[in-house]
Structures are given as structure tokens and as C-alpha cells.
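Undergrad: The listed protein sequences derive, respectively, from chains A and B.
All residue numbers for the first sequence refer to the numbering used here, where the first residue is 1165 and numbers rise by one.
All residue numbers for the second sequence refer to the numbering used here, where the first residue is 1165 and numbers rise by one.
Heads up, the list lumps identical chains together, so a pair's fine if it works in one copy or across two of them.
EDC-like mimics (lysine to aspartate or glutamate), calculated; alpha carbons at most 20 Å apart, straight line:
1. K1247 to D1203
2. K1340 to D1424
3. K1166 to E1293
4. K1264 to E1172
5. K1247 to D1201
6. K1166 to E1291
7. K1166 to E1227
Simulated from the structure, these hints should not be mistaken for lab results.
Protein chains: 2
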Amino acid sequence: MKLSEAGERALVELARKICRRGPQVRIGIGDDAAAIDIDGSCLVATTDMLVASRHFPPRTTPEQMARRAVVVNLSDLAAMGAKPLGLIFSVGLPRELEVKFVERLVRGMDVAAREHGTYVVGGDLDESEEVVISGAAFGVARRRELLTRSGARAGDLIAVTGRLGAAAAGLGLLLKRLPAKGYRALVRAQLEPRARVREGKVLARSGFVTSTIDVTDGLAANLWQLARESKVKFVVDRANVPEHPLVRKFVTRYGFDADDFVLFGGEDFELLFTVRPRGWEKVRWALKRVGATAALIGHVAKGKGVFIQVKGKTRALPDRGYEHFR
Amino acid sequence: MKLSEAGERALVELARKICRRGPQVRIGIGDDAAAIDIDGSCLVATTDMLVASRHFPPRTTPEQMARRAVVVNLSDLAAMGAKPLGLIFSVGLPRELEVKFVERLVRGMDVAAREHGTYVVGGDLDESEEVVISGAAFGVARRRELLTRSGARAGDLIAVTGRLGAAAAGLGLLLKRLPAKGYRALVRAQLEPRARVREGKVLARSGFVTSTIDVTDGLAANLWQLARESKVKFVVDRANVPEHPLVRKFVTRYGFDADDFVLFGGEDFELLFTVRPRGWEKVRWALKRVGATAALIGHVAKGKGVFIQVKGKTRALPDRGYEHFR
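Chain A extracted, bound-state conformation (with noise of 0.2 Å):
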């Protein structure tokens, strides 16, 4: 059978069947990030690689993949709760780039890892037909805040920090080569994405969380994920579901279906997550004060699925988002 055939998520449990797990491996093959104990604490560690023809719309300028490169891999430390320590990059590069190209790839790097308050150091530079980015992050967390896939419980609340749709929306006005003006913001929201490592450790301090996963491959999928990791069911109620404001504008002005964007589209880099009910207020406002939203969006029951209700009507949410080899 070819990858094509199998899909990405066949292969991750391919592969995390074959691994065999440490005596130290807390969290292996299969979370946003694997963790490991050392002493009271765990490392956690992620990887995630871009290839330039899959991953970077056309005309992305050097420095927007290098914020890519990190957002995508400080987002993983993020849905773990885990502190950002330090990021190392591989990057492939045809060996006709200017050296102008790895300057700028390498300060917006610098500068995005910054910005999350966290540093490059180090890496490997080598020969490839087109640019291949390959990131690893690496924090820590206290072992008994670490936040994972599995620990939704039936009772609990879900709830997403910010506002989605915008990354998908923006990605499909530049696919599509639409006017920008009027949605910036969205293109910014593609481009200029951001990981929420602050809301991520807020998360992990409040003790009400019970598992988070950070909206990359977009809300369906993501609410699957967790639902599937921790075997239960999700009620999700489409009109409590954050949209970004001007997603609505754009779908209504082109013709498109705002799903598309806010439930299937991914990469808003936000943080899906349970909570207990008598948290859910502490947890709100615990956001508030590093200056982040979060709105409840629906309940953990029973069971297994994720089911959406839409105009008082109930049925099941297609299980449907980014993946690779599809």
C-alpha cells in the first residue's frame, strides 16, 4: 500500500506501535510532544518539518518561513503547558540560493523566537532540491502540569483561546489570488502566525485543565483527536464556535462557506481544551490577565464522537482537517 493510500494518521500509529517506550518516556509517539522525566520535571520535546512546495503559499517571503518554522514548533510546547527552553533548525537549501536568502531565514528565526521568549541554539545546514525547514523545541514542565491528549473526562467543558478561521481564510485568499485589501488581517493571520506558548502555561498552571491540543490541522480535526485520545464523546454547538470577524465578511463577500475556514481550516495556532466546570472561570480569567480570550464551545459526555449541534439540530462533525499522504 502507498503512503497515499494509508494517510498520515495510520502511519503515526504505525509508527507508535513499532517504538518501544523507555522506562523514563512519560509521553511518547502521538501527543503534540513527547516528555520525558527528569527528575520533578519533564523535558518535552517536539519536531515538525516544512517542505517549501507543501507548506509556504507563493511569494512567502524568507522570514515568514522562518516564523513558521517556530510557530508551528513552539505551538506543540504550547498544548503541552511546557516552558520553551530552546529551538534547533535543519534546513535543507538548493545549493544556487543566494546567501541573502539563509541571512534572512535565519534573523526572522532569531527574531520570532524572541518574540516567544525563547532563543535558536543551534542546527545543520545542508544540501536539498528545494527548502526543507525542520524544527525541534524543546522545554520544561512540572510533571503533574503537563498537559496531554487524554485526560478529557465526561463533564468537562471545551473551550478554544482567540478566534478561528483566520489562517485558512487567509491562505485561500492567497491561493486564490484575491484582493487583499480589507483582510490584512487574515493574510497576517497565514503569514505572520503566532504560537500561544503565555496561554499555554496558564493552562497548565490552573489545575482545572484536563487535556489541550493546539488547532493546527483545524477544529474538527483537532476535537476528534482529543475526543479519540481520551475516549469520550464532544458536544460542540456551532454558534458558541469563535470566528474571527472578518472571516464572516470574506465568506459572505466571495461566496465561500465559513466551515471551511473556522471549523476545517487549520493553523490559527489557538489552544482547544477542556476544563472542569467549577474551573472554567478561574481559567477565564487567568487568560484575561496575559491578555488572551477563551469561549466555551461545548461538553465532554459519554460515549465517543464528536457531534455538533446547529440550528437545535444534532449530528455528527465529519472528521476532516489537514493531513498528509491524502
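Based on the hints, put chain B in the right spot on chain A.
TA: Same frame as chain A, but now just chain B:
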């Protein structure tokens, strides 16, 4: 200027200048691995990317690719004297590949990691035009035991573990499609390398080793890197450089120059190090206890450059070896 004109070393120097160094960063860009202070220890992290078209000789199996990806990363940790905690991999694959390839690749990673006393704990799968394997390894070292490239001092002795030249000779044999009969150990050294993790820990704990690097670019290039980073002069005696026994037979049989493999061929993954003279015998015995050998090949003096004595004459050793974009 194009990357192919600048060369890898200039690019690394550029990155080192650009990236700001955080307060906890003990070792940043430019050494074998990065080191970050956490409590009394150092977190040590490294990344290395392998690109199929450049790093894998014809008919390399998925298991061999996997092993190399594990070893290049663990070797960097070994050169810092760190104990590995885990490995993570970002793998880019063409979508038309068979699932069986991924299965063999991941299994190979798991086996090779465990042979070195560590585990694969996470990763990322992406689509790319050619096979790209980017690994990151992380480990811990006691702060005062951390081995770097910059500690060699005048009066130190220069030593290297094991015997050199086998991996490069094996690569030569594969690329020129020469018969492997009688030379299987050379091919194995190329395709099934091993990282000197135990040796690195022995050197770190000895208290007498002043600088270390793993022999990946070739002895000459790695001597130059140590001498440059430590701001000292190296003088090496060619007659004392330990050669793999089959290398001499191989070059005689086919009319090659042994220096091309022993001095300028890389990927042996042995550890090159400098040691205080009074500690040499202790280090040698400590290595012996973990089944390793080491040979003295020269000494460190004030000044700069790397010199080699051949039949009583001393000449400058060319700073030549594996370098990308050249």
C-alpha cells in the same frame, strides 16, 4: 553570493553572529550540540538532516537510513559527553512510497536507538519530493563535565578513539561499485555506523579531557575545527594515526591514497579529543573498561593551525573534508 560559493562553514558563522544567545544558553550555535543550563545539569540538544540524494549511497536500505539518522545525532551528543534521553524525527517522504518502507524505517530507528541505550519518543511525517530524515537528539550532562570544542590548551595531548578510514573506504567501494568480498567490514562501517556514546561519557567523567569532537567531516577537518575553536596549534604525527587494518589492504589493491580515507574521509564517528598529559593513562584505561581503544596522535602547542609530521618532516595539514555547498 550563492551558497555554493560561500560554503557551509561561512554560513554557520553567519548564523552564529545573527542569533542572540539567551541567558541560560551555555553552548550555542557552532559546537557539536547546544547546551542549556537547567538546575545543576545541562540539557544538550542537536539536530542533523539527511537528504537521500546526498547522504545515502546507492542501494541503502531503509534500516541503514534509519541507523545513520540515529547515529549522526547521537554522535553529536557523545562528543559533548551527554547521556541521551531521547530521539525525535521529522521525516519527509514522497507520497508514492510504500507503507512497508516507513515500517522498515521506523523499526530501524527503534532498534538503532535502543542499541545506543535510548528511545524514539516522537516525530512528524510530511510529504516531500525526496526522502528527507531530520533527527534531533537530546540528553543531559553534568555542567562541569560538559565537553566542548574550545577547551584544548598548549601542552595537552591529542588522541582519537578506535581506528580511522573504514567508513570512507566503504563509501568509495560502494560508489565505485567494487566487489565487497574481503572488505565487508569497510562497507559495514559505512552503512552500519555506531555512535560512541559510552566513550563520550567516559571522556566526560574523566576530568582530564579538555576538548572533543566527533570525526564526521574527516580527521583533518575535525582537527582544524578543534584547533580553531580552542585557539591553539595542533601537531599530529601521521605514523601514529590509527588506521582500520583493511584500509591499507584496500588502497594497495586499488591504487588509492590512504590519506584520502584516513585523514580526509569522514563518518567514522570516532571521538577526537585533547587530554591533559597526566590523565592520559587513566583515560586510556577507562576507555578499555568499556571495550574501547584510543591512540595518541599528537600534541597541542601555542599558536594556530594544524601541522602533520610525515617521515620526520612537518607540513601544514590542509583544512579539507566533507562540507556542504562545496
